[in-house]
Structure formats: C-alpha cells, structure tokens
Amino acid sequence: MLRAETFHSIFDAFPDAVVITDVGGRIVMTNSQATHIFGYSADELVGNEVEILIPNRLMELHRGHRKGYANSPHKRAMGAGLDLVALKKDQTEIDVEISLSFVTLDGEPYILAAIRDISEKKATSNRLKQALIELESKNKELEQFAFIASHDLQEPLRTVSSFVGLLKEEYYDKLSQEANQYIDFTLDSTERMRNLINGLLDYSRLGKDHVRVRTDMNGILSTVLRDTASSLTSCDAVITSDRLPTVLANPLTIKELLQNLIVNAVKFRTPGTSPNIHLSSVKRKQEWIISVRDDGIGIDPKFKDKIFNIFQRLNNRSDYAGYGIGLAHCKKIAELHGGRIWVEANHGRGSTFFFTLPIQNKYEKEIELRPAS
Amino acid sequence: MKKKLNCVLLVDDDTSVNFINEKVIRSTHRCSHIIVKDSAEKALNYISGTQAESLQPDLILLDINMPGMSGWDFLEAYQHLTKIKSDMIIIMLTTSINPDDKAKARMLTSVADFRNKPLTVAVFLEIVNYFFED
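Chains as they are written, first to last, in the numbering used here: chain V, 1020 to 1392; chain U, 894 to 1027.
Chain U on its own, in the form it takes in the complex (with noise of 0.2 Å):
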C-alpha cells in the first residue's frame, strides 16, 4: 500500500510557482491536503494558528528567497513554536543553485533536504519515497 501524504504545506511568494506546484502534487494522488501560503508570515501564522490535528502540515516545501521574512527566517522563528509535529519534514525549494545555500541548509537540522526548482513528479516522489513510507 502506497503511502499518501496527509497535508503539504507550500510556501512561496511567487504564485506561478505555487500553482505549478500544487498542481504536480495533486497528479500524484499521494496528498489528501494541499496548503498554500505566500508568505512565512502566513505560514507561520497557520501552523501556530490550525487547531485541527488532520490539518498540519506533515510536509512543507519552503521557498528560500521571499520578501521580508525569507526561508532562513522562517527556520528561524519555526523552531521557537511550542506546538509542532515532532515528525514534520522541512524541504527547501530553490531557483539559486548557490552552494553557500546549499551548504547553510546541511548545518540545519531542521531542514531535511534542499532541492532545486521546479518541483517534478518524480521529485515529490522521492521526496515522499524517502521520508515517509515505512
């Protein structure tokens, strides 16, 4: 039995690359919910904020370079919230192939991987393959 993905939480300031993302995600059939933020504000905002259990995200695809507050900040203020999932996985998702970035996120161990833009099908597969099935 394939592993399905409870809820995805997508944060990008760009919308073209949050549409392009959600719509590989959902061809996968392999995630119930599909959150999109367009900010880490937001994003922040909804995981501190959802009460549902059902509705945190299990997975969140972190864009890098946003206005304001960027995916390092986000990290940042991420790991100060009270209540997250022990087991929610934290991918960044880059247009810069910039091996500074790449080396910064390494030192993370919040951040699970670091890949590249667009997300594919076979990307999200992996990354599904790889973190989630037992």
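Bound conformation, chain V alone (with noise of 0.2 Å):
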C-alpha cells in the first residue's frame, strides 16, 4: 500500500494531467499537469466535484456515469474510442482522452482519473482528413474531366479524319502538288491527335481497379521479351537480366511499366550500333529497387524530372516518333504501386532507370520467403 505522499510525488512529474477523486466524486488531488491543462490552482480544484471540470451541459451525464463507474469499477484505457471533452478555468473545451482506474489510497478507495489534452491532435487529423477528402473528389473530378474531354473530343476529330480521307481517295494528284500537301499534314495531325487522346483516355483510367498479386517479374519480362521479339531482333538488342524478385503488384501494369523502359531503351538506343539493356534488383530496407540499364543516347540531367510529364517529349518527332506518354505511364504505375521512378546518367554511355516496389506487409515478407516459381 502507497503512502498518498509519494503517491502524488510520483503524479507530479507524470506528462499527463491526474485527479484523483473519493468515490462520492469530489477531488482530493490534482498534479502539476492538471492546474496546467484546466487553469485552476490545486487549491481552487480540491474539495470541488470533478464535474467543475465538465461543461454544463454534460454535468448530469457524467454524475450518472460516474457513480455507475463508483459501483462497478474497472480499468478503462485511454482513448477507447469516446470522444470526451473537458471544461477549462476560462470556460473554454479541450478536447481530452481520459484513462481511469481505481485506486486504493491510505486504506480508502479513490479514483483515479489520468487526463490528456488532445485538442491539437484532434484538429490536426480533422484537417488531414478533410484535405484527404478533398484530394480524393479533386482526383475523382479530373480523371472524370480528362475521360469525358477524351471521349467528346474523339467525335469531331473522326468527322474530320474522315473527310480529308475522302478527300484524299477522291482528289489527291487531281488538285495540285500543294493541295496533295495540305491533305497530308491534315491527316497526319488528326492521326497525332487520335493518339494524344487515346493516350490522355488510358493514363486517366490507369488505376481502376488496380488490384496487387503476387507477381514474379521473371516471369513478366518473359513475357514482355515475347511481345516485342519483333523490335528487339531487329536491332539485335542484347537483354540480359539478373533474378528478379516475386513482388505485390498487378501484373497488367507492371508489365506495362517494364516494357515501356524497354522499349524506349532500344528506341533510343545509340545509332549504329545494337543496344545492351541488363535488369536488375537490389533490396533496401523496406523496398525493391528494380533497374533498367541501357548503353543508348542518355539523357541530358536537367531533363531528367521533365520526361516523365505527359506529353513531354525531349526529341523532335522527325527523329524519334511517339507521344511523350510511355513515361508518364511509367510514373504514374509506379506510384500506384506506392513506388517512385527515376533516371540516372550512366559512367559512360547511357542511362539507368530505377523503380521502386514497396514491401508492405506480412503477406508480402511470407511471399519473400518461398522461392519463386
């Protein structure tokens, strides 16, 4: 059995506001936390009910409550799940989680009640959790924006492909060397532009339903090796790669991501000469970092933020044809997987692009452990 001296001696320095009340309610002593927290002296809260610390409104309730609590008492944690509020001196609320237990004082039974102003923390989460809302029907909108725009733009484009179709089936060499011209580059833009749509229409529905297997990217780059073997053999690039991890991850956009670095490493690969793509993964504490190398014409560092905003292009279109959409692709799966993606300029010729694949949970840790099949 504690003294009540060393009892408070030992509350004093606790962090959290203590008072400690008989079983009829009334204060018999308070801590230094618990004048700082309420704004009441010890002497102003001894011999008061506790309910001074109630606002008026919840004063009978919590009478009740308490004397229900007085006859059957137990150990309630903290922050169980009530939202509590407390009164100050000011008569202003604090926002409180309370952690109560019974105690036995000097032969007597008190109890005690072990108070922590949480006011900033609750703001704080009620701001994140707003913001959180408002960021999920901000990114609900602008994906609705960007698939209808895609979807009505598409109308007006196909009536004029169509037609300057006609009339290149009709009169094309029938005009002038001009006319044959204008015909062309009409054509040409509303094909650039068919693609920029359909290319803004799936990076705004990336991500639905994008649920996460357990997916062994050996067996992802086979098959990516098998999709493109037309292009690859062609330039006779050389695909070496080391053993790739089994990740969580979904299999159709993984795939889409390591077939766009490979495919834009054999694009731009250095002229003349076949490429030398290696993969690669290393574990870093929480993640997978997945490589691709390459030996092709790098890219110029202030550029390297830059290329993976869609539609962003580093080359002239009569060099390197494409929509500067791949890498928009790239990031934006790799952050649907909770990863990021980067490149760096090789030692040398070339660059390396790097993603990251986080291990996120148990299941994941199990998966580690087995072999690959």
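Hint data in this document are derived by calculation from the structure and do not stem from the laboratory. The reader is advised that the hints may include incorrect statements.
Unchecked claim - Sample of chain V residues facing chain U (criterion: CB under 8 Å; computed from the structure):
(1) Phe1204
(2) Ser1208
(3) Phe1322
(4) Lys1323
(5) Leu1333
(6) Asn1334
(7) Asn1335
(8) Arg1336
(9) Ser1337
Stated by the list, open to error - Sample of chain V residues with no beta-carbon within 12 Å of chain U, all distances over it, derived:
(10) Thr1040
(11) Ser1118
(12) Ser1180
(13) Glu1197
(14) Lys1227
(15) Pro1270
(16) Ile1318
(17) Thr1375
Idealized CB from N, CA, C, for every residue including glycine.
Each of the two chains sits in its own frame; use the hints to bring them together as a complex.
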C-alpha cells in the first residue's frame, strides 16, 4: 500500500493531468500538469466536485456515469474510442482522452483519472481528414474530366479525319502538288491527335481496378520479351537480367511499366549500334529497387524530371516518333504501387531507369521467403 | 514606302506550322529571307554560326512547347549569346492560351510580344508595322 505523499510526488512528474477523486466524486488530489491544462490552481480544484471540469450540458450525464463507475470499478484505458471534452477555468472546452482506474490510498478507495489534452492532435487529424476528402474528390473530378474530354474530342476529330480521308481518296493528285501537301499535313495531324487523346484516355483510366497479386517479375520480363520480340531482333538487342524478385503487384500495369522501359531503351539506342540492356534488382530496407540499364543516347540531366510529364518529349518527331506518353504511364504505375521512378545517367554511355516497389505487409514478407515458381 | 524586313527566323518543331507560317509571310511580300528551324538548338546554332549580317534575323517567331529545349530555354540561352543584334525582336507564338505563359512572357524583357497560333497575314502585318515601321 502506497502512502498519499509518495503517490503525489510520482504523479506530479506525469506528462498527463492526474485528478484523483473519492468515491463521491470530490477531488482530493491533482498534479501540476492538471493545473497547467485546466488553468485552476490545485487549491481551487481540491474539495470541489469533479464536474467542475465538465461542461454544463454534460454534467448530469457525467454524474450518472461516475456513480455507475464507482459501483463497478474497472480499468479503462486511454482513448477507448470516445469523443470526450473537458472544461477549463476560462470556460473553454478542450478535447481529451481519459483513462480511469481504481486505487486504494491509505486504505481508502479512490478513482484516478489521467487526462490528456488532445485538442491539437484532433484538430490536425480533422484537417488531414478534410484534406484527404478534398483530394479524393478532386482526383475523381480530374479523372472524370480527362475521360469525358478525351471521349468527346474523338467525335469531331473522327469527322475531320474521315472527310479529309475522302478528299484524299477522290481528289489526291487531281488538284495540285500543294493541295496534296495540305491533305497530308491534315491527315498526319488528325492521326497524331487521335493518339494523344487515346494516350490521355488510357492515362486517366490507369489505376482502375488496380488489384495486386503475387507477381513473379521474371515471368513478367519473359512476357515482355516475347511480346516485343520482333522489334528486339530487328536491331539485335541484347537483353540480360539478374534474377528478379516476386512482388505484390498488378501484373498488367507492371508489365506495361517494364515494357515501356525496355522499348524506350531500344528506341533511344546509340545510332548504328545494337543496344545492350540489363535488368537487376536490389532490396533496400522496405522496398525493391528494380533497374533497367542501357547504353543508348542518354538523357541530359536537366530533363531528368521533365521526361516523366505527360506529352513531354525531348526529341523532334522527325528524329524519334512518339507522343510523350510512355514514361508518364510508367510514373503513374510506379506510384499506384506506392513506389517511385527516376533516371540516372551512367558513367560512360546511356542511362539507367530505376523504380521501386515497396514491401508492404506480412503477406508480402512471407512470399519473399518462398522461392518464386 | 512600306518597310520590308530582311530576315525572319521561324522556330517550331511542328513542320505543318512552319509550312503555314512561311506561306503566310511570303504572301505579304514584306520579308526577303525566311529561315526555318525545327528546334531551339538548331535556331541557336544558326544565330551564333551565321557570319553574314544580312542573314541575321530581325524577327524571331518562337514556339513555346518544343521537345527538349523549349521556347523558354531558348530565351535563356539566347541571352548568353555574344553576338546578337540589339534590335532583334522576339515574339512568342503558341497554341496554348495559358494565362500563366502570357504572364511569364510579359516578365521577360527579351520577349516583345506574345501571340496565339496560327499566324495570319493580318497578325504578321501588325507585327511588322508596330515593331519595324519608322
């Protein structure tokens, strides 16, 4: 059995406010944190009903709860899912967490309440919740916008390209050299716009039904190599890979990511050479870092962030065809997986793309231990 | 006597845009030489590599969104060129009616004006009259 003085000196050092009442609800002891939080001196509190710390509207309710607790005392831990408020001397309310326990001091039963001011924590968490809701709705709006815009843009575009197509069919070489050129420019542009719109559409839909399953990256690589075989063999590309991990991923999008990186490495090869591309992986802390290294034309470091923006291209269309969509997709896919993507210049020639896949949960740690099938 | 420009430099990665702009300018008969470059790098190389004074542009029509080096990047690099004509006029031409771009262009003393594509005969004459007529 502890003596009251010993008790007091222990509780005075507590980070939480401590208020001890007798079974009748009268305050018998407080610590300095309590006077600090509530703005009362210890003398002002001791001897008063504990309801002095409760807002008026809740007073009767609290008295009832208190009596119920005194009749069947049990330990109640901090923040047991209750929204509790307390009243300061200046009559302002604060959000609190309270833990209750029953103690015996000098042979007498008492109730001990440890009170934590969580106003700031609660305000922050509310702001965070609000921001998250706003973010989600903005994201949805944006996705919707991209979808509708790109869908509706296709209509008039189709009309333009069909009629210019007809013009070409029926009048090409019947007008003039210049007229032929106009027709060709128009058809090229409508074709480009169709591709840009489709790219935007795909981009906005990336991430729908993004289910992740156990995915063997070696298997994904084999599929990519099979699907791109003709373009790889046409330039004698040599692709090598270390053993890649099995991860929790969406097989469709992760394949697209890997395929885009490999196709890019082949596309931007050093002119007049066959590209050498090497894949490897390392595990660092809570993530896998997978890299695709090439010996191609490389990327000017000042563009290393820009290239991941949608429709951003570094080369003229006459030098390299494309729409500036592939790497934007890669970035979105990596981020959908909770990872990152970036590029670094190699010492010597070419560049290396890296992306990370976080190792997130117990399930994933378990599958790591099993050999990939 | 109507003022005639000696040399205009067109900088745009899109061949069809250059085609139209060149045609529009030619039709006004107000310009002796039209130089076309499809990238900012090539335009810079042209300006720094051309010895003949007569082939240095009086007017540059510059696209903003180009792959790699953009119109903004061009302006940045252009300011570091040593031999530039002090009275060279740069006008940015763009498809985007992005107010941010417009505001950004206004901040730059090297940019004389900011116009939307496509270039028309009327717009070109307006430019010539405003910037080059004595």
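Tested hints:
Evaluation of the Phe1204 (chain V) hint against chain U yields a held restraint, the C-beta minimum of about 4 Å falling below 8 Å. With 8 Å as the threshold, the beta carbon of Ser1208 (chain V) comes within range of chain U, its nearest partner Cβ sitting at about 6 Å, so the hint holds. Interface hint at Phe1322 (chain V): satisfied, since its Cβ lies 7 Å from the closest Cβ of chain U, which is below the 8 Å cut-off. With 8 Å as the threshold, the beta carbon of Lys1323 (chain V) stays out of range of chain U, its nearest partner Cβ sitting at about 12 Å, so the hint is violated.
Against a cut-off of 8 Å between C-beta atoms, the interface hint on Leu1333 (chain V) holds, since the closest Cβ of chain U lies about 4 Å away. For Asn1334 (chain V), the shortest C-beta to C-beta distance to chain U is roughly 5 Å, which falls under 8 Å, so the interface hint holds. Because the smallest distance between the Cβ of Asn1335 (chain V) and any Cβ of chain U comes to about 5 Å, under 8 Å, the interface hint for this residue holds. The criterion of a C-beta within 8 Å of any C-beta in chain U is met by Arg1336 (chain V), whose closest approach is roughly 7 Å, and the hint holds.
Here the hint on Ser1337 (chain V) is kept, as its CB sits about 7 Å from the closest CB of chain U, short of 8 Å. Every beta carbon of chain U lies more than 12 Å from that of Thr1040 (chain V), the smallest distance being close to 63 Å; the non-interface claim holds. Separation of Ser1118 (chain V) from chain U is adequate, the least Cβ-Cβ distance of about 54 Å exceeding the 12 Å criterion. At roughly 15 Å from the closest C-beta of chain U, the C-beta of Ser1180 (chain V) stays outside 12 Å, upholding its exclusion from the interface.
Not every beta carbon of chain U lies more than 12 Å from that of Glu1197 (chain V), the smallest distance being close to 9 Å; the non-interface claim is violated. Once the 12 Å rule is applied to beta carbons, Lys1227 (chain V) is consistent with being away from chain U; the minimum gap is 29 Å. With a cut of 12 Å on Cβ distances, Pro1270 (chain V) stays outside the contact zone with chain U, its closest approach being about 32 Å. Not every CB of chain U lies more than 12 Å from the CB of Ile1318 (chain V), the least distance being 10 Å, so the non-interface label is violated.
Chain U leaves Thr1375 (chain V) outside its interface by the beta-carbon criterion, the shortest separation being 27 Å against a cut-off of 12 Å.
Consistency note: the structure conflicts with the earlier hints numbered 4, 13, 16.
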